[in-house]
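The chain contents come next:
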Amino acid sequence: MRCRTCGAPAVINLRQHKLALCAEHFDAWFLEHTARALRKYRMIGPDARVLVAVSGGKDSLALWEALLRLGYHADGLHIDLGIDDGLAYSARSRMKAEAFAGQCATQFPGTRLTIVDLPRQYGESIPQLAARRHREARPCSLCGLVKRHEMNRLALELGYDVLATGHNLDDEAATLFGNVLHWETGYLARQGPVLPADDAGLARKVKPFCRLYERETAAYALLRGIDYIEEECPYAKGATSLHYKEILTQMEHDAPGTKLQFYVKFLQARAGGLFAESANAPALHPCTVCGQPTTAEGRCSFCRLWEC
Amino acid sequence: MQVSYREKQFTFDETMTVQQLLKKLKILPESVLVVRNGQLLTEDRSLAPEDSVKIVPVVSGG
Chain A
1 MRCRTCGAPA
11 VINLRQHKLA
21 LCAEHFDAWF
31 LEHTARALRK
41 YRMIGPDARV
51 LVAVSGGKDS
61 LALWEALLRL
71 GYHADGLHID
81 LGIDDGLAYS
91 ARSRMKAEAF
101 AGQCATQFPG
111 TRLTIVDLPR
121 QYGESIPQLA
131 ARRHREARPC
141 SLCGLVKRHE
151 MNRLALELGY
161 DVLATGHNLD
171 DEAATLFGNV
181 LHWETGYLAR
191 QGPVLPADDA
201 GLARKVKPFC
211 RLYERETAAY
221 ALLRGIDYIE
231 EECPYAKGAT
241 SLHYKEILTQ
251 MEHDAPGTKL
261 QFYVKFLQAR
271 AGGLFAESAN
281 APALHPCTVC
291 GQPTTAEGRC
301 SFCRLWEC
Chain B
1 MQVSYREKQF
11 TFDETMTVQQ
21 LLKKLKILPE
31 SVLVVRNGQL
41 LTEDRSLAPE
51 DSVKIVPVVS
61 GG
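Respectively, the protein sequence lines represent chains A and B.
By the numbering used here, the letter at position 145 of the first sequence is numbered 145, and the numbering carries on one by one without gaps.
By the numbering used here, the letter at position 53 of the second sequence is numbered 53, and the numbering carries on one by one without gaps.
No wet-lab data here; the hints were simulated from the structure.
Among the hints, erroneous ones may be present.
Derived BS3-like pairs: lysine-lysine, alpha-carbon spacing no greater than 30 Å straight-line [as the list claims (entries may be wrong)]:
id, chain 1, residue 1, chain 2, residue 2
1, A, 18, B, 24
2, B, 24, A, 40
3, B, 26, A, 40
4, A, 18, A, 147
5, B, 23, B, 54
6, A, 265, A, 18
7, A, 40, B, 23
8, B, 8, B, 26
9, A, 18, B, 26
10, B, 8, A, 265
11, B, 24, B, 8
12, B, 23, B, 8
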């Protein structure tokens with residue numbers, strides 16, 4: 001198989017695009033597709049300060065690097081969740097994020113990484129918190145709540161204009177699949193590449209990799225020599241979203257382009273007014289403890305987590 | 001050929017393509033990348049018995 005651009009041996013075949021590319025031209029293609037999504041959805045203004053949520057995995061580290069290469073002022077935020085499970089998962093994820101931040105700071109001076117150490121800052125790790133709340137078996141929703149709160153809090157407190165996450169097309173298609181299966185019209189109305197900032201205290205959130213397959217972000221990370229954590233969170237095993245990904249990947253295998261069509265056609269339908277009547281989000285109030293927006297009057301879900 | 005995939009090791013003595021290897025292991029090509037000596041390989045590339053190959057899963061999340 002040869003690179004369509006230069007004829008050199010290809011390193012990747014993108015069946016959904018009927019496109020084989022060598023390392024050099026895949027790199028250019030990947031950056032151009034990231035830039036195209038940023039432009040198409042008007043994700044980040046030219047002088048905006050961007051905070052990239054970096055887990056230590058391939059998507060977030062690749063996103064941070066790609067944004068820096070595209071000339072954005074992008075810093076990192078890592079949340080150490082304190083997940084050990086005998087594998088030191090969080091400790092190793094944090095090391096990957098810190099090591100990568102060091103490389104970025106050398107190549108792009110002024111780039112910095114902010115760390116939130118959950119056990120140190122709040123007194124409990126995710127497994128400890130889950131055990132106290134009797135959610136040991138499946139702490140993922142609780143973990144998601146903690147991460148969303150902390151990402152939003154830090155983006156606002158540190159004065160960033162945009163919070164960027166490494167969600168890729170496979171993530172978005174799996175979420176969409178789940179939302180459709182359960183007809184979550186409120187979620188469907190709000191799922192998209194951009195969540196605008198809200199006066200109530202929600203930071204602007206963007207997903208620049210939303211049209212790039214997970215396989216493409218992994219290939220970019222490998223070809224760029226990005227040292228990411230390959231293992232999954234020990235709690236991810238058996239997760240519903242992974243099951244949805246398997247189903248969609250089988251469909252993609254049988255009909256290349258299925259995931260992209262599923263997501264892009266959804267965005268078009270949503271822009272055309274589908275689910276518009278469900279788009280009104282409930283009113284938000286400031287949490288009486290942390291000040292972050294919450295739909296409930298009084299304390300937000302995050303602050304209630306830490307109550308004894 | 002030595003093949004590593006998700007902390008498992010496989011050994012094959014015959015020459016085959018990447019596509020044939022993935023089929024033998026019942027792995028969808030859309031879910032992995034195949035690497036030999038740090039080089040990414042497309043499905044048509046041939047693998048020799050002396051090769052050391054790593055199959056990298058690309059699925060993440062939970």
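Now for the hints, and whether the structure bears them out:
Restraint check for residue 18(A) and residue 24(B): satisfied, since their Cα atoms lie roughly 24 Å apart, inside the 30 Å limit. At roughly 41 Å between alpha-carbon atoms, residue 24(B) and residue 40(A) are farther apart than 30 Å, so this suggested pair is violated. The hinted pair formed by residue 26(B) and residue 40(A) fails the criterion: a straight-line CA distance of about 38 Å is larger than 30 Å. A C-alpha spacing of about 37 Å is found between residue 18(A) and residue 147(A), which places the hinted pair above 30 Å, so the restraint is violated.
At roughly 15 Å between alpha-carbon atoms, residue 23(B) and residue 54(B) fall within 30 Å of each other, so this suggested pair holds. Between residue 265(A) and residue 18(A) the CA atoms are separated by roughly 20 Å; this keeps the pair inside 30 Å, and the hint holds. Between residue 40(A) and residue 23(B), the direct Cα distance comes to roughly 38 Å. Violation of the 30 Å bound is thereby established for this hinted pair. The straight-line distance between the Cα atoms of residue 8(B) and residue 26(B) is roughly 14 Å, inside the 30 Å bound, and the hint therefore holds.
For the hint pairing residue 18(A) with residue 26(B), the CA-to-CA distance comes to about 23 Å; that is within 30 Å, so the pair holds. Taking the CA atoms of residue 8(B) and residue 265(A), the gap is about 39 Å. The hint is violated against a cut of 30 Å. Among the hinted pairs, residue 24(B) with residue 8(B) is consistent with the structure: their alpha-carbon atoms are about 15 Å apart, no more than 30 Å. Between residue 23(B) and residue 8(B), the direct Cα distance comes to roughly 16 Å. Compliance with the 30 Å bound is thereby established for this hinted pair.
Hints 2, 3, 4, 7, 10 from the earlier list are contradicted by this structure; the remaining hints agree with it.
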